[in-house]
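Undergrad: Here is how the chains run, residue by residue.
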Amino acid sequence: MKYDLDLARLHLAEHQMDFLAGSPVVGHCHHFNLFWDQTMDDALGEDAGRRVRTAAAHKSSYKFLRGLVDAAGAVSPVERLHLAGAVFSAMGHGKLHLAVGRSGGLVRGEQLHYGFGWREKYGKTLTRSSPADAFATGFSAAATEVAYNLDPGSRSAHEERCVVDGSAGCSIRVSATASDPMIPLGVDPESARDVLPPSFHGQYEDRIAPMVSGLREFLGSVSGDERGVIEAFGVLVTVHLADYYNHAAHDVLDEIARDKPGGVEAFRGLLLEAGRSCAFHTFGGVLSSPEWEAMAGAPSGDPLEIVTGCVALARALGFGRWAIEEFEPDRRLVLTSPSTYESLFSRLVAAQGCEAGGIFVGAGIGIMQLAHGVTWQPRPSIDAPLYLQLARTNPWHVEQESSFAAGDVLDRIVVTRR
Amino acid sequence: MSCMLAPEFVRDVGCRANLLWRCDLVRAERSAAFAQAVAARGFDAVPEATRLGLAVFEERQTGHRLVVVLRTGRVQVRLDAMTPHETRVDEARRLFACLQRVEAP
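Chains as they are written, first to last, in my numbering: chain Z, 211 to 628; chain W, 81 to 185.
Just chain W, with the same shape it has in the complex (with noise of 0.2 Å):
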């Protein structure tokens, strides 16, 4: 299977001080599939974002989240605004790299 994700990951539009972080869905139509995935890696799904048109996760051990634009595949890490400074890029890095691994179900 290969990976859902773009290789592209960047500081995103607004980012302030590494906090917020963007990729992109390959194929914008399987953000749904995506977002299905996601969930059953044990991210939490926070609700009351659908009605927007988000599929909204967050990491219950963090507190990060991520943000999936449902019509356009984009993909926003935002990690916990408590996150110290120092590992800020990490942790970006870490969740990207985990959400590479995400297969559609």
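Same shape as in the complex, but just chain Z (with noise of 0.2 Å):
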């Protein structure tokens, strides 16, 4: 069964948001997704990295499947099972069979993104020995006990076989836990209608707005294949539930301001880079790929080109309704949001003031390096030792001005050079 995500899915198109049966997402790529996790686990260490990754998959995954089940009038376990499994493929994740009771069972799983995208991209080069599949864990989980009608975090779930080892597939064991209650709380479309503020206009609207409506278009009738996989732009991509990231980031956060104080703004600055990361890899693979090129023509490097690129993608990605409020070439950029989909998390679900993300300030500073530091003609360098000299040489500094999640009315930063 292929599931249409378009039967769940709602824009806010006032904030360049979208959610999928009532939970917000986002489009992530492989290079992102993987750096991500690894910002997690080099924060806690690996073993605490990966409970804390699965279980705000598990989290995530359970307000998403409870919304999706209840919309799609689905009542019997098979029903749900399968509806979880045809969703996870569409969303670019790989493919689960779910052969789980009420009690547990074994998932086996194929293509799955984050085991998959390791060893495409570092399965070469890197030996590993612990499981990638955080995500796909969790979302089993979060499946049996929604197919069952159970209470979330009565079941767990550990993988027990990665391919990132070498081995031939996935496998996640599912099995009733004794653990406390788990509280599967996320944004939904109507807390973020209450809270998100009016939207405005930034500068260069008219070169950003058709550009967004060209990557929408394209974006909305891309899902996964029949393996779960979603090949577009040169990378693999996901539709991703948006509290996953968030829930993982507050979560790390929480832990090393009770246990270690002294370390917070260290890890405040490894989410910073995971922003740059998904600048430079994301946005900088999609204006180099062939897809970009067919819409609006290949990069001239012209540094205001990339800019408004950027910020359209951001929007077509569901990051929020970023703006441009001023630019200088080779000097200054001023990037307003109303909000972002982690500072909206920040500000619904977390305590008020503490935010946990580094996407817009990171993004901030991978714009500027990829305006000013790529050579685009005739042909670019998106790669490995790019981003690092790109880290080495950095001459932009970036400072958040606003911080929706702190309560002021917008996201705010500025990156100018040092």
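Because the hints were derived from the structure by calculation, they are not lab data. The reader is advised that the hints may include incorrect statements.
Unchecked claim - Not everything, but these chain Z residues come out facing chain W in the computed CB check (under 8 Å): (1) K331; (2) F428; (3) L429; (4) V439; (5) S498; (6) Q587; (7) P590.
Stated by the list, open to error - Simulated coverage check for chain W against chain Z, where a stretch passes if three residues somewhere in it have a Cβ under 8 Å from a Cβ of chain Z: (8) 82-94; (9) 109-119.
All residues carry an ideal CB built from backbone N, CA and C; glycine is no exception.
Using the hints, put the two chains back together into the complex; each one sits in its own frame.
TA: Pasting the structure below:
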């Protein structure tokens, strides 16, 4: 059964945010997704990082699947498990065979996004023994609970085999657990509408708006193939639960603040780097792709062209309605947004004033690096050596001057030369 | 009839593990004719991509795709993600050789 994501999609056009069955979703590629998970592990250590990531997947997936089965009118466990597997594939996360009963069971995974993506990206150069598919693991536990109307948190899951260590496939064991009940909080469209401020225009809207329309039309037609894989723009793409990233970041931040408060600023630095990674790999990759070239032409290297293209991409991927308040080539970029998928979660779900995210600030640096540090003609190099070189020679400094998460009226960052 | 493609065949921008390759038409304005000729050689057209200004074709047996940017004449050979690592370079070269034999109708 192939699931049509449009059946459950809601687009808040004014704020460029997307919801699927009542949960916010964003587009992210395998480069960023792997980087993000590694960021959590770098902060807490491998075992604790995996625990937090799995719990984040469990919480976000429970809320999502609960909304999905309600919207679809799926009643029986068989229907619900089929629906969960189908939507997982349609979102580009691979294929899950959910052979689970009320008390649990074994889930077989094929082409799971993280394990498969890790093997593709690093498999020739690195070795790894710890499993990579925390998202599929938490999703499997949640799918079991939702299928059988069980309390959230009453089932746990762990990945027993993963392709990252050379195994032929992935397998996840779901079992009953006696842990504390889980509260699957998250952002929903109604609470988002209540709190989001009015949107506003920035500069160069006449350039940005048509690109957003073209990108959204293309992205709306994209979904996982029969293997649960989305290949577009030369990367492996996922439609991902925004609350997965947000729960993970906030839970890591809470643990660090409790156990190693001196490490909080270092963790914020890691989150910023994840945002820079997103800009470089996702925005840079898309701008150099055939899809972009067909839509807008190959980038000439004009910094304004790169900056407007990146802002259009952020909107089309559901990051929020980013806008250019000010841009002075080679000197200064000011980006604003009524909120982002990170700051909205921080404001609504986490303790107010506690922002855990780096997309907006990190991407600010990354956008300026793409605009001024990449040779776009005749052909750019969007690769690991350039990513490292741009980090070593970075002349840009970013300040977040307003934070929607902290109660300000909008998000605003200023990027300047050091 | 001469080859419609320039002789250069290289890894494309963003190539990961030899999956993305690039060649270019000698004359970009002939990209629509090139796409038509590719279709005639047994590649299946992927219709949804045309809205963007791309012509995309899939090789049925392998799942490899050919992506033609109609406005610029860029051609990307996009190997199927499941292609074994050890055969990727040969598969890409095989497809390029096949494209070199394409003649405009």
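Undergrad: Each of the hints needs a verdict: does it hold here or not?
TA: Against the structure, the hints come out as follows:
1. K331: Holds: closest Cβ of chain W sits about 6 Å from Z:K331, inside 8 Å.
2. F428: holds, 5 Å
3. L429: violated, 11 Å
4. V439: Holds, about 6 Å.
5. S498: Holds - the Cβ of Z:S498 comes within 8 Å of chain W, reaching about 4 Å at its closest.
6. Q587: For Z:Q587, the interface hint is violated, since the closest Cβ of chain W sits about 12 Å away, which is over 8 Å.
7. P590: holds, 6 Å
8. 82-94: With 3 residues closer than 8 Å to chain Z, the region 82-94 of chain W meets the three-residue bar; holds.
9. 109-119: violated (count 0)
Checked against the numbered hints above, the structure breaks hints 3, 6, 9 and satisfies the rest.
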